[in-house]
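We have chain A already, so just place chain F on it with the hints.
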Amino acid sequence: MTKVVLQVKNLSKTFKNFTAVDGISFAVKEGEIVGLLGPNGAGKTTTIQMLLGLMTPTKGEIQYFGKSLVTHREVILKRINHTSGYSRLPWRLSVWENLDVYGHLYEVKNHHQKIRELAEAFEITDLLPRRVLDLSAGQTTRALLVKAFLNDPEVLLLDEPTASLDPDIADKIRDYIITERKKRSLSIFMTSHNMQEVEELCDRVIFLSHGQVLAVDTPDGLARRNKESEVQLMVKDGLKRLIQMASERKWNFNEKNRFITLTIPEEEIASFLNAISRQNIKYADIQIVRPSLEDFFLSVVEGKNE
Amino acid sequence: MSKRRIWGLVLRHLYNFRRNYDRMVDTFYWPSLDVLVWGLTIFALTRLGQTSPVQIKAIVIAVLLWNIVWRSQSELAVSFLEELWSENIANLLATPIRKVEMILGYFTLSLIKFCLSFTLTAVLAYALYQVNVLGLGFYLPLFIISLMMFGWAAGFLTISLFLRFGTTIQTLAWAGIWVVMPFSAVYYSLSVLPDWVQQVSRFFPAAYVFEAMRSVLFTGSTPLDGVLLSVGINLLLLSLSLVFFLQSFKVALKNGIGHLK
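Heads up: the sequence lines are chains A and F, in that order. Under my numbering, the first residue of the first sequence carries the number 1, and numbering increases by one thereafter. Under my numbering, the first residue of the second sequence carries the number 1001, and numbering increases by one thereafter.
Hints listed in this document are in silico derivations from the structure and should not be mistaken for laboratory results. Quick reminder that beta carbons are idealized off the backbone N, C-alpha and C, glycines included. Accuracy of the hints is not assured; some may be wrong.
Stated by the list, open to error - The calculated DSBU-like cross-link candidates involving lysine-lysine, where the alpha carbons are at most 35 Å apart (straight line), are:
1. 227(A) with 240(A)
2. 1261(F) with 114(A)
3. 240(A) with 1003(F)
4. 67(A) with 1250(F)
5. 9(A) with 67(A)
6. 109(A) with 1099(F)
7. 78(A) with 1003(F)
8. 59(A) with 16(A)
9. 227(A) with 182(A)
10. 3(A) with 1099(F)
11. 1261(F) with 182(A)
12. 282(A) with 1250(F)
13. 9(A) with 1261(F)
14. 1003(F) with 183(A)
15. 256(A) with 236(A)
16. 1261(F) with 172(A)
17. 9(A) with 29(A)
18. 1254(F) with 3(A)
19. 67(A) with 1099(F)
20. 78(A) with 1254(F)
21. 67(A) with 78(A)
22. 59(A) with 1250(F)
23. 227(A) with 109(A)
As the list claims (entries may be wrong) - Among chain A residues calculated to face chain F with C-beta under 8 Å, some are:
24. 30
25. 53
26. 55
27. 84
28. 89
29. 105
30. 106
31. 248
Just chain A, same shape as in the assembly (with noise of 0.2 Å):
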């Protein structure tokens, strides 16, 4: 059976009047990869802080390895790392001099060889002389992310991980949280605005709303909540017919230059195609886009699926 590395039950976070985290339970197993996703002010970065030991929990218990991280905190933290959105490196500091610090923190052993080769994968060598002022936005996140691989952690929390990166180095980088993954059984509890991302790395998506868990699910399954589908297409004849069953079965859609897009319950899609067919109505270049994970990001956001 697979071990669980983090356990949360029953966490929340009040301040004065406002519940910001209200009873939120999860686990994250060894070497699973779990998003936290939700619309801003949903409590994600509360429950992040949380889980550093950064912010003390109204109510509820965080668990690493099986242990409190209220009664253990120095044994845990040792084996677990994080970058995030809130934090930053000492901007006088070099790179090398930060990574040095943080090589001490954590006890890592030959940390100036494990510097190095980190640097080397996440292509930041040229950059370990400069100090964190000279960053670019991408480059700070790669230096914080050397340094979340520093102590070889068992759990990483990841907030944005790949926020301001080039696309191809942000690729390289979730490559290296898939092999990493895949080598040592990593577990990474992350956040991200990047739906894709999510999409192609989390095996489950924990969805936040208003400080409650709304859905737990893989990407897939939560895509699927939205049972809607759009179908677009270039109308060549038979546009006023088109429109009218549109509006006859109280279809949403959108309308240019003859390219319009029709929003479709899933099931109905199959009849759709044989209706326009029946009624002789000349398309070209159809495309059915499945719902994905923005569509029901969206969908909570526009408070459909709450």
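Relative to the frame of chain A, chain F by itself:
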């Protein structure tokens, strides 16, 4: 407890120190300027016949000793501010470092900076005014220990306030300690002050040290009671400030220390 983690914290600030002119000015420039300005002022008064050479010595050594209090408090407070300014506090506190290691790290850092700053100002005092602080003999280490403990107590009190109120009150890192200076009898004897100031000064441990320092300079010795009392009061103050620090840490964690600015 991990020596390596303590060294990691010290190293973070030493790396910063060698690249940060602000910190160099704090450690070398202001203390040196203090010695220069006060020394020249008293030197001028001596030439005008208004004071004596031994009083030059008392004032210059007072400057050196007051700098121990000031630098000890300020080094601790500014080092903590550096974490807030660079938004590194979440990274630091998400490492396995323990609070006791942080405290010892800051003490070590303060000691290193003290050695640098005190050596420079002591050499300057000797070179410019032939004032040899080593002339205080075995009293000197006692004075240093007592004053440094007082500076650390004030430093941790300041850090505790930063943990509660963030950088909005950052000026306390430089200005806070000066509020005790008038009652610490740094440049003048307690006996010439108004009664109420003398009464208040009894609660300020630095006052006992500066009184003892003048006694050593003017008479060659001093009863140890006052100095030992100051060490005792400082032990109490340091303990109280560390308790306040730990409590403030809890308050900061309740609010979310990662967002502390």
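Hints not upheld, ascending by number: Of the numbered hints, 3, 11, 12, 23, 24, 31 do not hold.
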